[in-house]
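Put together the whole structure using the sequences plus the hints.
Next come the chains, spelled out residue by residue.
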Amino acid sequence: MNYLFDPAHWTGADGIPTLLGEHLLYSMIALGIAAILAIPLGIYIGVTGKGVFMIAGLANALRALPSVGLLILLVLLISPAFPSKMGYILPSLIVLVLLAVPPILTNTYAGVRAVDAAAVDAARGMGFRTMKILTDVQLPCSLPLMLSGVRSALLQIISTATIAAYISLGGLGRLLIDGKAQNDFSQMVAGAVLVALLALFFDQLLAFITRRVVSPGLTRRTLKTVTSPSDAPLIPAAA
Amino acid sequence: MNFEWLGRQFDNIVVLLGWHVFLSVTPLILGLLIALPLGWWARRQRSVYPFLVGVAGLLYTVPSLALFVLLPLVLGSKILDPVNIIAALTIYTVALLVRVVADALDSVPEDTVQAAKAMGYRAYQSFLKVELPVSVPVISAGLRVAAVSNVSLVSVAALLGIPQLGSLFTQGFQLRFFTPIIAGIILCVILAMVLDGLVILLNRWLTPWTPKVVAS
Chain A
41 MNYLFDPAHW TGADGIPTLL GEHLLYSMIA LGIAAILAIP LGIYIGVTGK GVFMIAGLAN
101 ALRALPSVGL LILLVLLISP AFPSKMGYIL PSLIVLVLLA VPPILTNTYA GVRAVDAAAV
161 DAARGMGFRT MKILTDVQLP CSLPLMLSGV RSALLQIIST ATIAAYISLG GLGRLLIDGK
221 AQNDFSQMVA GAVLVALLAL FFDQLLAFIT RRVVSPGLTR RTLKTVTSPS DAPLIPAAA
Chain B
2 MNFEWLGRQF DNIVVLLGWH VFLSVTPLIL GLLIALPLGW WARRQRSVYP FLVGVAGLLY
62 TVPSLALFVL LPLVLGSKIL DPVNIIAALT IYTVALLVRV VADALDSVPE DTVQAAKAMG
122 YRAYQSFLKV ELPVSVPVIS AGLRVAAVSN VSLVSVAALL GIPQLGSLFT QGFQLRFFTP
182 IIAGIILCVI LAMVLDGLVI LLNRWLTPWT PKVVAS
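If you read the protein sequences in the order shown, they are chains A and B.
So the first sequence is numbered by my numbering: it starts at 41 and just counts up by one.
So the second sequence is numbered by my numbering: it starts at 2 and just counts up by one.
The set of hints was computed from the structure by calculation and includes no laboratory data.
Source: prediction; values computed, not measured.
Glycine included, each C-beta is placed from N, C-alpha and C at the ideal position.
No false leads were slipped in.
Some chain A residues judged to face chain B by a derived CB distance under 7 Å, without partners named: (1) 103; (2) 108; (3) 199; (4) 202; (5) 216; (6) 232; (7) 236; (8) 239; (9) 243.
And the structure:
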């Protein structure tokens, strides 16, 4: 704990605020890219029903891949082509995006699929056009599951970004890896505590956002959907 | 791939594989044994359910590398002690399964429970012989997820220097050498698939009354 309360560790290029900032930056970039890729694709698959076979296989196959191995493999492949810092930032981002896409994709798809068919029919009966049904009925109704996918993805990203410190990515994982290299256990503990707090903070933040943006009329139904284990794709947050 | 290197390292890799199996399967079994009574409790005592599921969710949130480092403080073990890995993965497995077990028990049709009661089953008999067997398919679906993610999580421990297949990754990184990395990834994926398959087989064996279709 001493490490955390030493003011010297809170300033400079390897100070805790810098590391935290880096951790957040990489996490947000990866989450953004993953969301841009996965949400539209998930909606498309959910609405049209095309490519469903792809989803089940993808989630399982990616879960079995060891992220450490993938990370190191990509660094060795990519870093010779980029002499600068991009040599390890790029592979790290690729792995982070790769791990974040399946939970968002599967949950978006599941969310769109789970929308009550009667609600869609009712909207059509009221004269809504297809696009309007999508934006006003299907998307709001699938929001809870979609956001729970984003939540899993973000936790996965924060967790894996920590591991990426091993291949010299910045971020809070530095404290763990450098602490290990220097046999400085208090530095490792400080890193572990900060990473855990960061993950818990974002978990609670997304839970809060979910409560705020999801229509109250859905909450009961959502509870039902999320608690049945066969419906909620269980994507492990930890990596 | 440098097969000559693989041949020379064969004995070493088998030892690492053995450790990997030990480190990923032990927490699976321990986790299931702990999650069953907890899930049963959460289902019996409705007020406990939100608390247990909440705590499980929080524990599941903590990144693995952080948990590996924090556990020695709680357990009083050394940082390189494999016990930390087993404890951490047991925590994840329990966190994942508590909710699955509680929900699975909850989804047993009320009629079935009533019928067991009417036939003279006591509460514990009804749990062991009726409710638990009927819940097996759902629990094993959760167990499959835990099994596969455990295999991947164990390899993270290589960053702390605890030997298992993940050591092939760090070794390959230090030597700038692809062969151990690719071999490690392939072995991890195969191990995950084998464990996944074993859980599926176990599920079929325990639920002979279900139609023979692949449970997903």
